[in-house]
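Visitor: If you want the building blocks of each chain, they are given just below.
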Amino acid sequence: MQEAIPYKSYSTTRATAVGSRSPLLNFLGGGGGVVANGSESSIRKLVEENAVVVFGRRGCCMCHVVMRLLLGHGANPVVCEVEEGKEEAAIGELSRIGGGGGDGGGGGGIQLPAVFVGGKMFGGLDRVMSTHISGELVPVLKDAGALWL
Amino acid sequence: MDFPSTQFVPSRMMGTYEPIHQIGMWGENFKSIGNPSISASVIVEVDNKLENESETASHEMPVPSCKHDQEASKPFDKIQRRLAQNREAARKSRLRKKAYVQQLESSRLKLIQLEKELEQAREQGLYIGGGLEAGHLGFSGVVNPGIAAFEMEYKHWMQVQNRQLGELRTALNAQISDIELRIVVENGMSHYFELFRMKSTVAKADVFYVMSGTWKTSAERFFSWIGGFRPSELLKVLVAQLDPLTDQQIFEVCNLKQSCQQAEDALSQGMEKLQETVSATLAAGQLGQGTYFPQVAMAMEKLEALVCFVNQADHLRQETLQQMSHILTTRQAARGLLALGEYIQRLQDLSTLWATHPREPA
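So the protein lines, in turn, are chains A and B.
Residue 93 in UniProt numbering sits at position 93 of the first sequence, with consecutive numbering throughout.
Residue 287 in UniProt numbering sits at position 287 of the second sequence, with consecutive numbering throughout.
Mixed in with the good hints, there may be bad ones.
Pairs of lysine-lysine residues, derived as DSSO-like cross-links and limited to a Cα-Cα distance of at most 30 Å, are as follows [unchecked claim]: (1) A:K86 with A:K45; (2) B:K273 with A:K86; (3) B:K204 with B:K98; (4) A:K142 with A:K45; (5) B:K216 with B:K155; (6) B:K216 with B:K204; (7) B:K116 with A:K142; (8) B:K257 with B:K116; (9) B:K204 with A:K86; (10) B:K273 with A:K142; (11) B:K204 with B:K302; (12) B:K216 with A:K120; (13) B:K110 with B:K98; (14) B:K92 with B:K116; (15) B:K110 with B:K236; (16) A:K86 with B:K110.
Note that these hints are calculated values from the structure, not bench results.
Bear in mind that the values here come from a model prediction, so they are computed numbers and not experimental data.
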């Protein structure tokens, strides 16, 4: 169960440390890559240490949409690419980590892209979209410390 | 199939240079690509052109004959004239050949595409729909049953929609209770949600069909964004109809407009990325080598994401509608639904008017 699943994780800013960055850096996109060893515990750490984490396939356009929405609010999401072919395993792992947060995929399967906010599973693009429109997204982000305005 | 007559530049002088031979050459070549309809029309075209040319040629005949009388005195002029005619004829001939080759190339591409579609249709086990509208037969003559089903359902949906609009009108004028009005509003909302469900189903069958908006009228298609209306556009139309709004409502509607715009932008950017991805995938490797199936297969995988986009766009439309109904009072919501419905009706009428409006023939 501790078998390493290859993840590549990188922050949209140049450093992995979470600190106050100029919002402009957020839009540079795809900074230097840091390869995490991908074990479940390190992913768990990633989720716990960062306010917003987005898990998605590489080059997934839906992931791009989620990022645009989150960046638009001033959040600074950490992107974690799931390796091709390893989606099933990744989703399994994420369900274990996610625990009781949000209604990810309606109780069924988690879908990629998957968004974690404040250490808990928040949902997919569907939930991000609905909460964005209803206005619920911003308070959630604020509570998780993703926004500092 | 269009065969513009401008491609064949009539040569006034050609009439005098073995016209029968010219027709024979073009005719045989056209027959060899197996498209009888083209060859027939071309032959007719060429025939007409040459008929006209022989008429003009007869007018111009007297001039050379005049020259003949003075042959002894002006041999230089005659040679010059003959050379000029030759050059002209050669130039015209080259132009015709070029046009013919272009026609040939495009027919070849079309043939390849037809064969591909036929192959795909066979693999999917589609049937040839009898008695269905010819609009979606495309080139191959087979109709996707998912599309056929959607078309029927949509027709019915429009009928219910129009009926509901009538009910809304009556209800608003009749001063019924808020509770009853709420029911009418809920029906209207559910009806739109029904449409989104229908679209989701047919998107799985053929996403390009939904994206193309063939099932809508032409003016509606003009405003199309990812298979439907832009929610922010509709909000603009709606809000103008809803005066007076409370300050709180104005604030909330403003927020909604902004969120809507942001969501649309995010989706649009995602679509652009999808285009880039598909384009890059298709163009990978060397173009011009002839074998390209792996690229096409990979591009198809990427294109699957289009279904997600259509679903997300409809999801956005649905959420926007929902949010509006939360912000507005029941009466305002009823007026809003009516305004929306009538706006779309006007678009449809515009399409009809446009189609029947007399225009100068092309």
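Visitor: If you draw a straight line from the CA of B:K216 to the CA of B:K204, is it 30 Å or shorter?
Guide: This hinted pair holds, its Cα atoms lying about 18 Å apart.
Visitor: Would you mind confirming whether the straight-line C-alpha gap from B:K110 to B:K236 stays at or under 30 Å?
Guide: violated, 43 Å
Visitor: For a C-alpha distance cap of 30 Å, please report whether B:K92 and B:K116 respect it.
Guide: violated, 37 Å
Visitor: Between B:K273 and A:K86, does the CA-CA distance stay at or below 30 Å?
Guide: holds, 23 Å
Visitor: Are the Cα positions of B:K204 and B:K98 separated by 30 Å at most?
Guide: violated, 43 Å
Visitor: Sort out whether B:K302 lies within 30 Å of B:K204, counting only the CA atoms.
Guide: Holds. B:K204 to B:K302 sits at ~15 Å (cutoff 30 Å).
Visitor: Holds or violated: are the alpha carbons of B:K204 and A:K86 at most 30 Å from each other?
Guide: holds, 25 Å
Visitor: Given the proposed pairing of B:K273 with A:K142, does the C-alpha separation stay at or below 30 Å?
Guide: Roughly 29 Å separates the two Cα atoms, so the pair holds.
Visitor: Checking one constraint from the list: CA of A:K86 to CA of B:K110, max 30 Å. Satisfied?
Guide: The hint is violated at about 40 Å.
Visitor: Are the Cα positions of B:K110 and B:K98 separated by 30 Å at most?
Guide: Answer holds: B:K110 to B:K98 is near 19 Å, not above 30 Å.
Visitor: Given the proposed pairing of B:K216 with B:K155, does the C-alpha separation stay at or below 30 Å?
Guide: holds, 10 Å
Visitor: Does the structure keep A:K86 and A:K45 at a Cα separation of 30 Å or less?
Guide: holds, 20 Å
The structure shown violates the earlier hints numbered 3, 7, 8, 12, 14, 15, 16.
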